[in-house]
Structures are given as structure tokens and as C-alpha cells.
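Enquirer: Single-letter residue listing:
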Amino acid sequence: DKTRRGILNQLKAIVGQGPLNQAAVTEIESLLLQADVGVEATDYIISALQKKLREDVTPPEEAIAFLKEILRHMLDEPLQKSHKPSFAPEKETLNIWLITGVNGAGKTTTIGKISHLAKKSGYKCLIGAADTFRAAAVEQVKVWGTRSGVEVIANPGKNTDPAAVVFDAIAAAQSRETELLLVDTAGRLQNKKNLMDELTKIRRIIDKKAPNAKIESLLVLDATLGQNGLRQAEVFSQAAQLSGVVLTKLDGTAKGGVALAVVQQLGLPIRFIGAGEGIEDLRPFSSYEFVEALLSG
Amino acid sequence: MFEALSDRLETAWKKLRGQDKISQSNIQDALREVRRALLEADVNLQVVKDFISEVEAKAQGAEVIAGVRPDQQFIKIVHDELVQVMGTENVPLAEAQEQPTVVLMAGLQGTGKTTATAKLALHLRKLDRSCLLVATDVYRPAAIDQLLTLGKQIDVPVFELGSDADPVEIARQGVERGKAEGVNTVIIDTAGRLQIDEDMMAELARIKQTVQPDETLLVVDAMTGQEAANLTRTFHEQIGITGAILTKLDGDSRGGAALSVRQISGAPIKFVGVGEKVEALQPFYPDRMASRILGMGDVLTLVEKA
Ligand SMILES: Nc1nc2c(ncn2[C@@H]2O[C@H](COP(=O)(O)OP(=O)(O)OP(=O)(O)O)[C@@H](O)[C@H]2O)c(=O)[nH]1
Ligand SMILES: Nc1nc2c(ncn2[C@@H]2O[C@H](COP(=O)(O)OP(=O)(O)OP(=O)(O)O)[C@@H](O)[C@H]2O)c(=O)[nH]1
Ligand SMILES: [Mg+2]
Ligand SMILES: [Mg+2]
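Line by line, the protein sequences give chains W and H. For the first sequence, the numbering used here begins at 1 and goes up steadily by one. For the second sequence, the numbering used here begins at 1001 and goes up steadily by one.
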């Protein structure tokens, strides 16, 4: 199967050891498009590559190395700027991580995984169950709380105001000297104005009620997503003041290439990847691994 | 964001002014724009390639209609071909000769299977078809609770055996129960699974083998990217699907996955999900979907009037 042969072998089959030609560049372009990198970001990458090819005679190995460098640079760029490279809650102070995203992206599961990791790492942890809308959402996050041994603050009433739950959860976190409060929110599509306003309100309550807390606002993106991912990042960024991204479902064959465009255009670092439904299936993001997987076909 | 295809084609067709036929040489720029638009709408690259060569063949030698700009006429050819590929008409849900009709839901994680299970039941109830829902997702935390809650909302019974039972056995007994109670349709919700997860795919195959469904619906998220083709191919080859439901169309995705799903499986998209609530299910209309994928609407009416 052509797609499983690896990009380097594919290019060698086209140009041998000789310099890269247009056919080989087209092959790289196809690979990027099929990884959901998107037309615009692909154009950007291909023109950078072509510029290099015009300057030097470039055999396949070198071209691939250069391509990987471009991609890794795109992904690591936000860390060069304002965002700190290592990512962990600060000890002995309240950290609040707001987890947002469209429906079914993997928010609740990610919270389960992070709470487990944080607990194992010795943090005092709490979960706020602010998805008060979806059927059995609270039950779901409670199962995760039980699995990781982390308490869940929820409002037993039906269709209660999620902002009220967040308020209660922050109060609980403050009185218990919690170090990491994870806030699960309901899935929402970014074109639903009222739901995005609701999210803005949640964010505002966090800022107001916990002015000294270290706040991270993370967007959960499903690696299976196509180009709508970029739109999601734009709108959620506005509503929730995003500070990073979690890319889930990378255990499938989807590459999550839209994340490249998200990182580039919004300057948001990817912080974690989800690679399975189990509690341990969360890994810190590595641009090296991501790029290798992206180009593995 | 997306420039409407029609705007971009206008530029591509400037050079066509004064020409009265669409030919291979004057069509290339326009085809490139269509390719770009389809990729931006998340149609799978391979599907785009096949589609473009089909359009190229259809457009060859088409007379330019007086009073219609060639770019508009070209869009109509593209649009019609899209509608053609996506099945022209809406195909309703199967109904078995002998009750109960059995519907099996399948798909990747988080696409909307459980929600669609409830939505379908409500839809059928409005057609006076009684339903029983069967909860075979024993893996995802609170998946059974979710279906029970939805069942209660729409007043449709849910069959479950807890999360320690074997999904194949739950499905078998669920259909038995439906039969015994004279229910019109049994809808089986299943756990989300990756198409490369061999154990989970084998489980789904066993469920299908056991209950012999009249309808196996692949539930696909409209925001899916290039992967739509892969997942559809594998579900179709390993399980065999008879139709699809495209969910989350209330978003602002272009929904190019619809074209990939249809092209790869040949199975019709039967319904679309347009919201989180149980009422938010609609029949699938290929012409509306075609306009959405192309990011346009009014050009067609222009062409039709001419
Ligand atoms: N294969 C795989 N499945 C995942 C991953 N993360 C989450 N899932 C699955 O995706 C589905 C949806 O996950 P949830 O955590 O419920 O997603 P959510 O964003 O909270 O969904 P809503 O609250 O309904 O918007 C579940 O079946 C999860 O088990 C992952 O990294 N890999
Ligand atoms: N906006 C919108 N949300 C939807 C639609 N269909 C489902 N959802 C939401 O998408 C999320 C996932 O839906 P589920 O029905 O739990 O998906 P599933 O395929 O059963 O998920 P798993 O069982 O975990 O694989 C939930 O938040 C639903 O409310 C739709 O048509 N529009
Ligand atoms: Mg959730
Ligand atoms: Mg489900």
C-alpha cells in the first residue's frame, strides 16, 4: 500500500537519489493535504520547500529533513514567544484549567486523564462538572473522578446554570487548598452565539472569583477534524481566552494536521495529546513525534 | 474564511469571454478552483481527484448558454455532478416485512451515535412506528445512563443488561425482547470504535451477524476531515453499511465528508443531525448539501432562471 510506504521511500521511487523534482513535490503536497493540513498551510509549506529547492540541489533525505524542520518550527513557535515551554500546574497555589471544545471532541475523557496524572504527581485536585446539559454528562465525569480518586463538584439539579457550578467549584477549591481545579464544560459548536456567550461568562467568573489563580484555558481538538478546526480555535480563543490546545484521538489513523494551522495562525501551543480511551492514554505534546507521525503516511 | 467558489471562478473564467464552448484547454483554471474549494470543504483528496475528472469529462464541449455567464454554467455542472454523486433523492429508513425492523448504529468515538439513536426513535414514533433502544456500549463511562436518560426524555423504552454483559449478547436479547413485545423497530446503539481497532471491529461484526439488521447506519461527524474516506471504506468492507447519518450539521463546517462517505460506500446518507436536542434530525437532501460544500446558493437559481 502506497500510503504505508513512508514518504522518503515514495520520493526515492520518484527521483532516485537525484534532486527533488515537481512530481516529488506534488507527492509531498498530497501527503500534507491528506493529513488535513489544509490548502493554505500546505501552500505555505510547499513554497518554503520550493524556495529551498531553487537554492540548492536537494536529494530526498535532505528535502525531508528540511520539511521536518519547517513543520517543527511551526509547532514550536508559540513556545518561543509568550508561552512557557514546560507545562505543569504550579505547586501550592490554585491552578484552574478550563477545558472547552465542540461536541464529542474528548473533553471529559481528557479531564479524567489529566486528573489521574495530577493525582499521581501529588497535586491536590478537584473537578468541576459544568456540563449541566448533555444527558448523563455529570455521571460520566463522576466515573472518571472515581477512577482517578478525585472529587467532583456537581449540582444535582437538572439544567442548572453551568456558571453557578463553576462558582461553587472555585469556592470548594479555595476552601480546600486545591492545587488543580479542572473544569469540564458542555460541548458547543462555535457558531452558537448563546452557547459561546455562556462560555465567556464562565471564563469571566473564573477570572473574577479566582484573581490570583494560574489559569489555563485549553481547547480540545479531535484529530479526525478537518478544516473546521481552525474556525473552532478562532472563536473559542475569543470566548474563552485560550492558552493552549489538546489534540485527541491520535491513536487512530487521522493525523490532526489542522492543528498546524491552528498553532500557526493563533499562536497557541499544543500541550497534550490523547491517544486512547484509557486513563493513561495522555501524553505531553512533542513536535518531533507529531511531525514523524504526520509524514509517516 | 472561505471565498465563495463563484467569486473565484469568475476570475478563472475571465479568459473564457467570447468563447462559446467549454473545452479542455479553457477549463483548467476553473477545475483548479473547484479542486481547491472541495479540499477546503474537507472532501477527501482521492475523492476530489475522481470527481474532478468526472466533471472535466461532463463539461467538455458543453455549449455556453446565451445569457448565462460561463462560470455560472460551469458551477451548475459541478453542482449537478455533486448532487448526482450524493444520490439525487432522499432515501427513507428501511422497514422490514416482518417486525421488528432492526437498525444497527456504528461509527467512531463521539460522532453522535447515542444521540442519533434517540433522535431516530422520536422520528419513527412520529410515523407511528414504536421503538425499543438497545444499550450495548459497555465501555464508555455512563454510556448506558446516557441512553436511559434520552429514552426517558422521548418516552421510549431502553433495553440494557448493565456494563458487565457481552455487547453481542445484549444486542441478541434486545432484539428478542423487541420481537416478544411486538415493537416495530429496534435500534441498537454501539460503542464508538476506531476502524483500525481489530477487536472492536470484530465485536461489531459479531453483533451484526447475530441480529441480522435491516439497516446498518454509519454515523459520521460532518466536521470530519480527510479521514472520512478511510473510516467509511473500512466500516463498509468489514461490517457492511446500508446508509449513513451525518451529524453536527448545525455547525459551520462545509461537510465535504458527505461526498467522501457516499462516493466510497455507495450507500445513501439518510439523515442529518442538526442539533443536540432529540428533535434535531432531518432527512438528507443532496442538493442542499452540494450547495453547502461549494459554499454557494444563489448562483444556481440564476442559472435556472436563464
Ligand atoms: N480513540 C480515542 N477515543 C477518545 C479519545 N479521547 C476521547 N475519546 C472518546 O471519544 C468519545 C467522546 O469523548 P468525551 O470525553 O465524552 O468527549 P466530550 O468532548 O466530553 O463530549 P461532549 O461533552 O458530549 O461534548 C468517547 O467515546 C471517548 O472514549 C482518544 O484520545 N482516543
Ligand atoms: N450540535 C450538535 N451536537 C450533536 C449532534 N449530534 C450529537 N451531538 C453531540 O455530540 C456529542 C457526542 O454525541 P453522542 O451521541 O454521545 O456520540 P456517540 O457517537 O454516542 O459517542 P461515543 O458513544 O462516545 O462514541 C454530544 O455532546 C451530543 O450532544 C448534532 O447533530 N448537533
Ligand atoms: Mg463531555
Ligand atoms: Mg455513545
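Just so you know, these hints were derived from the structure itself, not from any lab. C-beta: ideal position from N, C-alpha, C; glycine also. Any given hint could turn out to be false.
As the list claims (entries may be wrong) - Derived, one-sided and incomplete: chain H residues facing chain W with beta-carbon distance under 7 Å: (1) Gln1084; (2) Asn1090; (3) Val1091; (4) Leu1194; (5) Gly1225; (6) Asp1252.
Said to hold, decoys possible - Computed footprint of chain W on chain H; a stretch qualifies when at least three of its residues, placed anywhere within it, have a C-beta under 8 Å from a C-beta of chain W: (7) 1037-1043; (8) 1072-1083.
As the list claims (entries may be wrong) - To list a few chain H residues with every Cβ distance to chain W over 12 Å, as calculated: (9) Pro1141; (10) Gln1173; (11) Asn1184; (12) Asp1197; (13) Arg1206; (14) Asp1250.
Enquirer: It remains to establish, for every hint, whether it holds in the given structure.
Expert: Each hint tested on the structure:
1. Gln1084: Check failed: Cβ of Gln1084 (chain H) comes no nearer than 23 Å to chain W, outside 7 Å.
2. Asn1090: violated, 24 Å
3. Val1091: violated, 25 Å
4. Leu1194: This interface hint holds because 5 Å falls under the 7 Å limit.
5. Gly1225: With a closest approach of 3 Å, the Gly1225 (chain H) hint holds.
6. Asp1252: OK, holds: Asp1252 (chain H) within 7 Å of chain W, min 4 Å.
7. 1037-1043: holds (count 4)
8. 1072-1083: violated (count 0)
9. Pro1141: About 4 Å separates Pro1141 (chain H) from the closest Cβ of chain W, which leaves it inside 12 Å; violated.
10. Gln1173: Fine: 22 Å to the nearest Cβ keeps Gln1173 (chain H) off the interface.
11. Asn1184: holds, 24 Å
12. Asp1197: violated, 9 Å
13. Arg1206: Answer for Arg1206 (chain H): holds, closest chain W Cβ roughly 20 Å.
14. Asp1250: violated, 6 Å
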